[in-house]
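Colleague: With chain A's structure known, arrange chain B on it following the hints.
The primary structure of each chain is shown beneath.
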Amino acid sequence: MTQPRSPSDAEVARAILTGLGGVDNIEEIDPCTTRLRSLVKDPTLVDKALLRSAGAFGVMINGRVVQVVVGPRVDTIASDLADLM
Amino acid sequence: MGRARPGDGEHKYLTVRAYLADLVTQELEVGDAVPSERTLTEKFGVSRMTVRQAIDALVTEGVLHREQGRGTFVAPPRADFEMRLTTFGEEARRRGMEPGTRVLVAETQAAPPSVAEALGQAEGAPMHRVVRLRSADGSPMCIEEAWVPVDLAPDLLDGGVPESLYGALRERGLAPTWGEETITASDATPAEEHALELTASRAVMRTVRRTFAGDTPLMYSRSSYRGDRYSVFVPLREARPTLVPTTSRATEGKVS
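Quick note, the sequences are listed as chains A and B, same order. The first sequence stops at residue 85 when you use the numbering used here, and every number in between is there. The second sequence stops at residue 256 when you use the numbering used here, and every number in between is there.
For reference, chain A alone in the conformation it holds in the complex:
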C-alpha cells in the first residue's frame, strides 16, 4: 500500500505531533494499519480538536494512550513523523 509522498502528509504529521503535545510529550508512537497508537507523558497536553482538524478520523484517549485514526496514509505519515522526531 504505497502512496505517493505528498506535502500534505508531512503537514498532517507535523499537526499530529503538535496535537499530541509536541515531540517532548511523546514516549513512543506505534503505527498500526490505520492508526497511530501513541504513549504520551502528559495526556492533558493532547489537543483532541487540533488532531481532528489535522485530518484524524477519530481520536481515542485512554490514560496515557492516545489513538489517532489516520487511515491507510499511516505509512507515509509514520515516516514523516520519524523525520520530525
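No lab work stands behind these hints: they were computed from the structure. Treat the numbers as computed from the prediction; the structure is a model and nothing was measured. All C-beta atoms in this analysis are idealised placements derived from N, C-alpha and C, irrespective of residue type, glycine included. It is possible that some hints are incorrect.
To be verified - To give an idea of the chain A side of the interface with chain B (calculated C-beta under 7 Å), a few residues:
id, residue
1, G21
2, V23
3, I26
4, E28
5, I29
6, D30
7, P31
8, Q67
9, G71
10, P72
11, L81
12, M85
Unchecked claim - The following label-pair restraints were derived from C-beta to C-beta distances:
id, chain 1, residue 1, chain 2, residue 2, range
13, A, M60, B, A239, 17 to 27 Å
14, B, E123, A, P72, 22 to 32 Å
15, B, R170, A, C32, 20 to 30 Å
16, B, P126, A, P72, 43 to 53 Å
17, B, T184, A, V65, 17 to 27 Å
18, A, R37, B, P113, 23 to 33 Å
Modeller: For chain B alone, coordinates are given in the frame of chain A:
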C-alpha cells in the same frame, strides 16, 4: 458399577470428544452420520451421559449438528470470512455458497449520537438505516445494520434496498477504500437468537465497522455473526517499527 470420580468422568468425556473430532477431520465427510450413542458407549465403556456430553460439546461448537429423530451428522465447515471491504454476497459466492438477504428494516432516521460521531455528521442528521438478515445456502448467517448519511447518496434506497450497499455506493462514485472493524464475542439477544435460528449455541461475534471512501466516512455498520458458523480469517504481517523520539530532541534538559 462404582461411582466415577469427577476427574475420571472429565477424562472419559474428553477422550470421546477427541475421538469424534478426529473422526470428523480425518474420515468423515460433511453430512455423514457419526457413530450412534450406543456404539460409542460400548467402544469406550462409558455411560450414555458421557457420550452425550461429548456430542453436545461438538454440536455447540458447530462441528456436528443434530437432526430431530434422524441422528447426528458432520456439519458443514465454518465460513472463514476475511475481514475486508467486500460485501456479504461476494464473500459467500467466493466460498461456493448462495447468498440470500431478507430486509428487516429500511428507513430514514435521525443519526443517534454514536452514529453521528462515527460518521462525522451532526447529531440528528438524516441517515439511511438498513437492517438485513444475510444467509448462505438458506441458513441464516448474520444480521447487519448499516447507516449511510443521506446527503452522500440521497436516492440510495429509492428503488428498494440494493443487493449490495457497497456496490450501490461505488456506482455513485463513492467506492469504499478503507475501514476499521472491531470484533467482540457475545451472547445473542433473544431477538438475534430467533432471527439467526440459533439452537445449539448462543455465541455470536459482534462487529462494528466504519467504512471510508478516501477521506469521506461512508457507512457505519453493526453486525452479529453466528459463532457456530463463522471463523474470522486475519492475514498477519510484521509490525511497523515503533517510533521513539531521538534522545537529543526529546530529553533536552529533561529527566526521562
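Colleague: Would you mind marking each hint as holding or not holding in the structure?
Modeller: Evaluated hints:
For A:G21, the interface hint is violated, the least distance from its beta-carbon to any beta-carbon of chain B being 12 Å, above 7 Å. Here the hint on A:V23 is kept, as its CB sits about 5 Å from the closest CB of chain B, short of 7 Å. Given hint, A:I26 at the interface with chain B, holds; its Cβ is 5 Å from that chain's nearest Cβ, closer than 7 Å. Satisfaction of the interface hint for A:E28 is found here, the shortest Cβ-Cβ separation to chain B being roughly 5 Å, below the 7 Å cut-off.
Residue-level restraint check for A:I29 holds (minimum Cβ-Cβ distance to chain B is 4 Å; threshold 7 Å). Look at A:D30: its Cβ gets to within about 5 Å of chain B, closer than 7 Å, so that hint holds up. Because the closest C-beta pair between A:P31 and chain B is about 5 Å apart, less than 7 Å, the hint holds. Hint status for A:Q67: violated, given a least beta-carbon distance of 10 Å to chain B, over 7 Å.
Using the Cβ-Cβ criterion of 7 Å, the hint placing A:G71 at the interface with chain B is satisfied: the shortest such distance is roughly 5 Å. Taking 7 Å as the C-beta cut-off, the interface hint given for A:P72 holds, the closest approach to chain B being about 5 Å. Hint on A:L81 holds. Least Cβ distance to chain B is approximately 6 Å, under the 7 Å limit. Look at A:M85: its Cβ gets to within about 5 Å of chain B, closer than 7 Å, so that hint holds up.
As the Cβ distance of A:M60 to B:A239 is approximately 19 Å, the hint placing it in 17 to 27 Å holds. The given range of 22 to 32 Å is respected by B:E123 and A:P72, whose C-beta atoms sit roughly 28 Å from each other. At roughly 26 Å, the beta-carbon separation of B:R170 and A:C32 lies within the given 20 to 30 Å, and the hint holds. Checking the proposed 43 to 53 Å range against B:P126 and A:P72 shows it is violated: the Cβ atoms sit about 29 Å from each other.
One distance hint, 17 to 27 Å for the beta-carbon pair B:T184 and A:V65, holds here, with the actual separation near 19 Å. One distance hint, 23 to 33 Å for the beta-carbon pair A:R37 and B:P113, holds here, with the actual separation near 25 Å.
Checked against the numbered hints above, the structure violates hints 1, 8 and 16; every other hint is satisfied.
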